[in-house]
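Chain residues, written in single-letter form:
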Amino acid sequence: MAVVDQSAAPVSAERSAARARKPNKLFRNLTAKIAMIPLVFVSVGVFVGFTIWTIVYSFTSSKLLPKLNFVGFEQYTRLWADRRWLQSIENLAIFGFFSLILTLVVGFTLAALLDRKIRGEDVFRTIILYPFALSFIVTGLVWQWILNPQFGIQHIVQSLGWTSFQFDPLNNPDIVLYGILIAGIWQGTGLIMCIMLAGLRGIDDDIWKAAKVDGIGTLKTYLRIIIPMMRPVFITSLVLIAAGIIKVYDLVVAQTSGGPGLASQMPAMYVYDYMFGGQNLGQGFAASTMMLVTVAIILIPWAYLEFGGKKRG
Amino acid sequence: MSTSKYSVQIKDLDLAFGAVKVLNSLDLDIGEGEFLVLLGSSGCGKSTLLNCIAGLLEPTDGEIWIKGENVTWKEPSERGIGMVFQSYALYPQMTVEGNMSFGLKNARVPADEIKKRVARAAAVLQIEPLLQRKPGALSGGQRQRVAIGRALVRDVDVFLFDEPLSNLDAKLRADLRVEIKRLHQQLKNTMIYVTHDQVEAMTLADRIAIMKSGNIMQLSTPDEIYNRPQNKYVADFIGSPSMNFIGGDLERGTFKSGGIVLPMTGYQFAAPQVADRPATIGIRPEHVATGALVAAAPIKLDTVVDLVEPMGSDTLVWIKLGDMPFRVRMDGQARVHHGDHLTIGIDPSKASLFDTKTEVRL
Amino acid sequence: MADTAASTSRGPRGPKPKRIFSGTNILLYGILILVSLYYLVPLWVMIMTSLKTMPEIRIGNVFAPPVEITFQPWIQAWSQHCTGLVCKGLSPGFWNSVQILVPSVILSIVIASINGYALINWKFKGSEVFFVILMIGAFIPYQIMLYPMVIMLRELGVYGSLTGLVIVHTIFGMPILTLLFRNYFSSVPEELFKAARVDGAGFWGIYFRIMLPMALPIFVVAIILQVTGIWNDFLFGVVFISKAENYPMTVQLNNIVNSVQGIKEYNVNMAATLLTGLVPLVVYFLSGKLFVRGIAAGAVKG
Chain A
8 MAVVDQSAAP
18 VSAERSAARA
28 RKPNKLFRNL
38 TAKIAMIPLV
48 FVSVGVFVGF
58 TIWTIVYSFT
68 SSKLLPKLNF
78 VGFEQYTRLW
88 ADRRWLQSIE
98 NLAIFGFFSL
108 ILTLVVGFTL
118 AALLDRKIRG
128 EDVFRTIILY
138 PFALSFIVTG
148 LVWQWILNPQ
158 FGIQHIVQSL
168 GWTSFQFDPL
178 NNPDIVLYGI
188 LIAGIWQGTG
198 LIMCIMLAGL
208 RGIDDDIWKA
218 AKVDGIGTLK
228 TYLRIIIPMM
238 RPVFITSLVL
248 IAAGIIKVYD
258 LVVAQTSGGP
268 GLASQMPAMY
278 VYDYMFGGQN
288 LGQGFAASTM
298 MLVTVAIILI
308 PWAYLEFGGK
318 KRG
Chain B
414 MSTSKYSVQI
424 KDLDLAFGAV
434 KVLNSLDLDI
444 GEGEFLVLLG
454 SSGCGKSTLL
464 NCIAGLLEPT
474 DGEIWIKGEN
484 VTWKEPSERG
494 IGMVFQSYAL
504 YPQMTVEGNM
514 SFGLKNARVP
524 ADEIKKRVAR
534 AAAVLQIEPL
544 LQRKPGALSG
554 GQRQRVAIGR
564 ALVRDVDVFL
574 FDEPLSNLDA
584 KLRADLRVEI
594 KRLHQQLKNT
604 MIYVTHDQVE
614 AMTLADRIAI
624 MKSGNIMQLS
634 TPDEIYNRPQ
644 NKYVADFIGS
654 PSMNFIGGDL
664 ERGTFKSGGI
674 VLPMTGYQFA
684 APQVADRPAT
694 IGIRPEHVAT
704 GALVAAAPIK
714 LDTVVDLVEP
724 MGSDTLVWIK
734 LGDMPFRVRM
744 DGQARVHHGD
754 HLTIGIDPSK
764 ASLFDTKTEV
774 RL
Chain C
7 MADTAASTSR
17 GPRGPKPKRI
27 FSGTNILLYG
37 ILILVSLYYL
47 VPLWVMIMTS
57 LKTMPEIRIG
67 NVFAPPVEIT
77 FQPWIQAWSQ
87 HCTGLVCKGL
97 SPGFWNSVQI
107 LVPSVILSIV
117 IASINGYALI
127 NWKFKGSEVF
137 FVILMIGAFI
147 PYQIMLYPMV
157 IMLRELGVYG
167 SLTGLVIVHT
177 IFGMPILTLL
187 FRNYFSSVPE
197 ELFKAARVDG
207 AGFWGIYFRI
217 MLPMALPIFV
227 VAIILQVTGI
237 WNDFLFGVVF
247 ISKAENYPMT
257 VQLNNIVNSV
267 QGIKEYNVNM
277 AATLLTGLVP
287 LVVYFLSGKL
297 FVRGIAAGAV
307 KG
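Residue numbers (this note's numbering), protein chains in the order written: chain A, 8 to 320; chain B, 414 to 775; chain C, 7 to 308.
Simulated from the structure, these hints should not be mistaken for lab results. Note that the Cβ used here is the ideal one computed from N, Cα and C, for glycine as well. Please note: incorrect hints may appear among the correct ones.
To be verified - DEER-style ranges, computed between Cβ atoms:
#1 B:Phe430 x C:Leu33: 56 to 62 Å
#2 A:Pro156 x C:Asn261: 22 to 28 Å
#3 A:Leu72 x C:Val73: 28 to 34 Å
#4 C:Val108 x B:Ser455: 45 to 51 Å
#5 C:Leu34 x B:Ser655: 58 to 64 Å
#6 B:Phe430 x C:Phe214: 26 to 32 Å
#7 A:Trp169 x C:Arg64: 52 to 58 Å
#8 A:Ala310 x B:Lys733: 41 to 47 Å
#9 A:Lys124 x B:Ser455: 56 to 62 Å
#10 A:Asn178 x C:Pro109: 49 to 55 Å
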């Protein structure tokens, strides 16, 4: 039959023979591939390339300029001997722990309250979420002002007659982290509340009916049935909060600049100061690599639970 | 190039996603003006095959020829096909007219020609009043008509339908089925139609290809598929209520199972000499004679009624044949009850006999 | 009846409270109102302080409304406050932020929407791998990529300029926006794309004629996300802008409020803070539920 075709219309058959060959895979849908160049560049070039670059240079003695004279783990040894870095890590741990717990508890509680078929849900939600639209700089500055010992909360309580009242977190090294915490919670809980609310709305109404039929109290239903059902939502929230905490920078810069002393120093500030202020690039690279390691410690188990389990299940 | 007597040819087509073979070296020749239905349950590869013909999926190996031209590596729009989808796939932001003319505009057809063709297609499908509406304002049936219209204006030789009626309710489906059949009678285009609905397949097709896990199980006319299924899968798949199967042995031209003995006189064996072997007999519930018709049947059996399902137009009666449940279709007026005695008549020439091991027709 | 209505409209799902003035209800609303105060007080304090004169601030408390309203702090914060020798207030920072914001938002959204569309409809071998890397990249602390980025911008000759910052925002906004668009386009029926291909439309034809008109709501969500995100950025502004006159508003605000020189003018500081927060606040209050949708899209992966 193909023979008939060729004799009938040789030109056309020749063309179709040329088209019949399988085209080079590389050039199939070439436009789509060209359009994805930014994606490929950013994912491979920036996210992978830049990260590897910094990790490699963290093993060098780079000072003012990046230089490839390798010194092994010297930067890391120095890092972990630096009082400022150790203090930063300790601060981050304390701040992170309370921030995580409080944000989760407050976020979930508020979501549960808003889910009780209340009037004005939209109003309450708008009020609780608006700080999330504001920058950490604005958040830090306004709370710096409210916590100002001369004019803020301490001053007001004292002027009400309780003259011995002391609440000056931003100038007291022992409690400065809690001063930052108040502002951080204020800014961030709205987001978690919204995620939790979406999670609660995703729970089948029949669960509530079943619990009611079984005579389980409201609080017990939340604790024993709803929260376990919302595990994925909690894990997502946890990862989001944790990733945010590790990067915490602007808030502290605005509120305390890391003071008093080293009392509110954070790893991200350490990195910035050594990379762009202290002209000790090697230290900055090593510190930022440690930040990546911290994120990886949080992220890898989560990714394993979230994606690794599915393939086998 | 239309010297070829085939409209669409599939040559040794393979498609694998990784290690999973979706299409298994398929060969299929579809004649000029033929209505071919690809029938099978979900996952059998019927839609995949259609997508390969349309050029929406790249085959791993093999060739696709349309109108005597190898189109395996051509763009969908260059293949001379029109396609209708299950979800209609109308562009929501365009009017009906915009939907129908989109392809022609892409092909740089002159505006007056577009107008002419849209008007003609709209007349054929009786959707002229809808031309300025958006798809959101149309009913399911109207949307599918527009989708057919979109394929129609392209003036192509081959129409591809991917389960076009599956999203419609039962009554509308029956109406549109008739319309598609009428359209085919009128246009005489080649149509390749994918469905999982055997009624659609039986009513529309010139030929049906029944597919299962990437293979074609049987390719024949509806009549042939219904009366002479080539294997047990096809026999079981076609017909509602489905065929009764009884496992047993074929011994010198007689089927035996437990106490049942059926001499296969009048049965057309596939080969002149069939050796004894374990065999399965298949009998359609509607091919079992009851009442006055029993007298004419070559074989008569006494049974007891187990369960009765009245369906209005007819009645499905479950009986026990030996120990096996067996369905018999009686007319809607049949008055039988659980425990009644029922004499049935079986005509071996209407039965199907399969090799139990290979499941191939004997 | 009320129950079915609530469940079909995806309204609150908890059990129905019995009476409006029941004990639980008083507790419920009491807690919510108290919590609302915690969230509202900073906004109140900012506004009140910014409308007071300095003498009044020194004698009163931060929560009290002004006895005498003055707009002088606002004027000063906007156009007169001195940082070092320059006395132009925050307005240069505002205009810098606008000049950074507009191209960043446009560029990042255009690229990300094409990414999302291509990832769903024009997959090629390995395209998913790039997407996964991009998603992992969203969690990598920026700090580790800052210095190589400085080098890259310097090589391109845009380090320290607003253009450089636009590139940075486009790059770091890509993961979340790509995810947003990818999830949206994955909800568009694949058959629509197939129909367009049969109709002879190519990569750009399908993008502009079919996908773009359908994706308008998600573009609004992306714009909200990017406007607030880029406006609120501080770190990139500090790192990638080298000259003080190019600083975005947040950086300039921090320099004004946290400067150690001169007397603290709290009313001007609060007016400046409010001015900086105004753009995202306006976006927030205007966008309403779309804002929630944006952050939910960013937070919950599809």
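Verification of the hints:
1. B:Phe430 x C:Leu33: 56 to 62 Å: holds (57 Å)
2. A:Pro156 x C:Asn261: 22 to 28 Å: At 23 Å between Cβs, range holds.
3. A:Leu72 x C:Val73: 28 to 34 Å: violated (58 Å)
4. C:Val108 x B:Ser455: 45 to 51 Å: holds (50 Å)
5. C:Leu34 x B:Ser655: 58 to 64 Å: Holds - the Cβ-Cβ distance for leucine 34 (chain C) and serine 655 (chain B), about 59 Å, lies within 58 to 64 Å.
6. B:Phe430 x C:Phe214: 26 to 32 Å: Since the Cβ atoms of phenylalanine 430 (chain B) and phenylalanine 214 (chain C) sit about 31 Å apart, the hinted range of 26 to 32 Å holds.
7. A:Trp169 x C:Arg64: 52 to 58 Å: violated (21 Å)
8. A:Ala310 x B:Lys733: 41 to 47 Å: violated (58 Å)
9. A:Lys124 x B:Ser455: 56 to 62 Å: violated (42 Å)
10. A:Asn178 x C:Pro109: 49 to 55 Å: violated (42 Å)
Violated hints for the displayed structure, listed by number in ascending order: 3, 7, 8, 9 and 10.
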